[in-house]
Structures are given as structure tokens and as C-alpha cells.
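Work out the full structure, taking the sequences as your base and the hints as a guide.
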Amino acid sequence: MANIFIACNNDPGTVLHNFMQSCADEARQICVDNNHNYTYVGVPELTEANVIPPMADHKICFIAAHGDEDGVYNENDADVVTTRTTNYNFANKGFYSISCLCAQNLCPNLMRIGLSLFVGYSAPFYVGEQEDAFLDCAIEGLKQLLNGQSKDVAYKIMLNKYDKVIDTLPFKDKILLLHNKESLVFAGDGGISLSDLM
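Sequential numbering of the sequence shown, starting at 1, is according to our numbering.
These are calculated hints, taken from the structure and not from any lab test. We put the CB at the ideal spot given by N, CA and C, even for glycine. You may find that some hints are simply not true.
[To be verified] Straight-line Cα separation of at most 20 angstroms, EDC-like style, residue types lysine to aspartate or glutamate; simulated pairs:
1) Lys143 with Asp79
2) Lys181 with Glu129
3) Lys181 with Glu131
4) Lys181 with Glu140
5) Lys143 with Asp196
6) Lys161 with Glu182
[Unchecked claim] Listed next, with one range per pair, are the computed distances between beta-carbon atoms:
7) Asp163 with Glu45: 33 to 43 angstroms
8) Glu129 with Asp163: 17 to 27 angstroms
9) Phe171 with Gly148: 30 to 40 angstroms
10) Asn147 with Thr168: 20 to 30 angstroms
11) Met198 with Arg28: 37 to 47 angstroms
12) Ala78 with Tyr40: 11 to 21 angstroms
13) Asp189 with Asn147: 11 to 21 angstroms
14) Ala91 with Pro170: 35 to 45 angstroms
If you want it as C-alpha cells, here you go:
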């Protein structure tokens with residue numbers, strides 16, 4: 001049993017807030033299915049102060065929110081986890097984000113301070129007309145990690161999930177989902193799994 005931190009930008013005025021809430025809801029269900037405890041934070045509690053300090057007692061931070069190259073932000077565009085926040089509580093932890101671009105600078109920043117596992121995207125994350133298909137692919141890695149799979153196995157299963165779903169979609173969504181797959185970053189030691197996180 002592990003403690004998982006789940007956060008999302010579900011502010012009604014935020015673009016894709018329903019999608020982000022659905023991602024967080026699915027993450028919570030995965031925790032329940034695998035007998036893990038979770039802490040959930042949404043708006044207006046989605047702040048640096050409410051996310052980073054609690055990571056001392058959690059193994060993975062899952063976050064669905066808007067981001068850029070330097071990190072993830074809340075509904076007010078304030079830093080939640082970025083290259084400018086104090087991130088030492090992420091040492092020996094996992095960070096799983098459904099956010100645009102943050103694998104570019106946030107990933108290496110967190111890895112330098114000892115993050116063990118990073119999942120995120122190096123380019124914009126797109127959501128097409130068939131939102132459930134995009135959600136299922138984006139959450140697959142978390143599902144596998146919380147089921148005890150190693151990083152390399154979870155990554156392989158997630159890529160296979162993308163391929164299977166891409167085959168079922170109309171052309172426009174197919175292109176968008178393929179873009180997400182190609183910008184997916186799964187960083188960390190290949191054999192690391194949930195039980196190795198502190």
C-alpha cells in the first residue's frame with residue numbers, strides 16, 4: 001500500500017477542466033483498485049504550498065493541469081511545481097503529469113534533485129473529440145505503475161495502449177494522439193517500480 005498524491009486544475013473557467021477532473025477521478029479509482037491511499041487536491045487548493053510539502057509522505061505525485069516548459073500551474077497561472085519552486089520533497093519520488101511541455105525543463109530539474117521517476121510530455125498535450133481515448137492513453141502508465149509494474153514495463157504497455165487506440169480513431173484524433181505518444185517522456189531507471197520509491 002502506497003500514498004499517492006493526486007492534483008488537478010478543475011476550475012470551471014479553465015480550458016479542459018472537465019478532462020483534467022476526469023483524469024484525477026480515474027487516478028483515484030486506480031488507487032482504490034490497487035489498495036493505495038491517496039490525497040486529492042483541486043481548485044482552489046491547487047497551490048505550491050498544498051502540493052510540494054505533502055510529497056514528503058507520498059510516493060507519486062499525479063497532476064493534471066496546464067503547464068509549460070518549466071512546470072505546472074494552477075488556475076491563476078501561479079507556480080505549483082516548476083523549476084522555480086523548492087522541489088527537494090520530490091527526491092526518491094515519482095512525478096506523473098498530464099500537462100503540456102513540462103518534460104523539457106521540469107523533468108531534468110527534478111531528476112537533478114533526486115526524482116526517481118518522471119512521466120510527462122515534451123510538447124503540447126492535445127485532447128481530441130473523443131476525450132475518453134485520450135484519457136485512457138494518458139493514464140495507462142499510472143495504472144501500470146500502481147499495479148506494481150517496473151518503469152520499463154509500464155512504458156512499453158503505455159506505448160502499446162497508444163498504438164491500439166490510435167488504430168480505432170478517426171483521422172484527426174489519430175494524428176493528435178500520435179503526437180502525444182511521440183512526445184511522451186518516461187524518465188528514470190528502467191527497473192524502478194512503486195516499491196522502490198520512498
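Hint check:
1. Lys143 with Asp79: With Cα atoms ~27 angstroms apart, Lys143 and Asp79 exceed 20 angstroms; violated.
2. Lys181 with Glu129: Roughly 17 angstroms separates the two Cα atoms, so the pair holds.
3. Lys181 with Glu131: holds (15 angstroms)
4. Lys181 with Glu140: With a Cα-Cα distance of about 12 angstroms, the restraint between Lys181 and Glu140 holds, given a limit of 20 angstroms.
5. Lys143 with Asp196: holds (17 angstroms)
6. Lys161 with Glu182: With Cα atoms ~13 angstroms apart, Lys161 and Glu182 stay inside 20 angstroms; holds.
7. Asp163 with Glu45: 33 to 43 angstroms: holds (37 angstroms)
8. Glu129 with Asp163: 17 to 27 angstroms: About 20 angstroms separates the Cβ atoms of Glu129 and Asp163, which means 17 to 27 angstroms holds.
9. Phe171 with Gly148: 30 to 40 angstroms: holds (37 angstroms)
10. Asn147 with Thr168: 20 to 30 angstroms: holds (23 angstroms)
11. Met198 with Arg28: 37 to 47 angstroms: This hint is violated: roughly 22 angstroms between Cβ atoms.
12. Ala78 with Tyr40: 11 to 21 angstroms: holds (19 angstroms)
13. Asp189 with Asn147: 11 to 21 angstroms: holds (18 angstroms)
14. Ala91 with Pro170: 35 to 45 angstroms: Once the Cβ atoms are compared, 44 angstroms apart, the range 35 to 45 angstroms for Pro170 and Ala91 holds.
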